[in-house]
Amino acid sequence: MCNITDKPLDKKFYYQPTLELAKALLGCLLIKETPNGITSGIIVETEAYMGPADRAAHSFNNRRTMRTEIMYGNPGHAYTYSMHTHCLLNVVSGKTDEPEAVLIRGVEPYTGQNLMASRRPKAKNERQWTNGPGKLTKALGITMADYGHPLTESPLWIMEGRKIEATQIVSGPRIGIDNTGEARDYPWRFWLKGNKYVSK
DNA sequence: GGCAAGATTCCCT
DNA sequence: GGGAATCTTGCCC
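Counting from 1, one number per residue, gives the positions in the first sequence under this note's numbering.
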């Protein structure tokens, strides 16, 4: 399928429209290097957050704070967000001053399974290592320290992975944003049909 | 400084 | 299915 020593995706990859990027990221390989070793997973589930017009987005109505600042810059950077006891990973998209992002909600383990297992002691099976946005960051060792990191460089990057046919991609409403009015129903969540590492 | 809320996960009344 | 866990951010409710 692919070799982990291959090159990261070029910066140009991130300059496509956010909804296109959310679909293009499916099948790509997300890689994280730590002192303990290297882990990677195939992206199987994403959600698009469409900036100022999207009530569910942190950058809704052009809200600009220390936390959302990275989304106003160039695409292709990591937007990590701390949620309760967990950390979530987004890929910044949209050009400068277009604060859009794609949330990574699920990956399929590819390399470093032993390390993932040790980082996810509560998981009862392999599937529970990475079938959720907070789980996959823990399994891969992604933390708030990765905020703003360019996804074209070590130690956290994305490269081409599995080829995905358009017919394998399914879309539907996003998850966990029930109190955001009409934005709740937008079909901006994308996943690979039948993949068991999809969160729901 | 303080407090409320949150794109979640885990465990149990 | 419901509530606790427990950290960061944002705004002063």
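Keep in mind the hints are simulated off the structure, nothing from the lab.
Take these hints with a grain of salt, some might be off.
[Unchecked claim] As a list, the in silico DSS-like pairs of lysine-lysine whose alpha-carbon atoms are at most 25 Å apart:
#1 193 with 163
#2 124 with 138
#3 138 with 12
Earlier hints that do not hold, by number:
3
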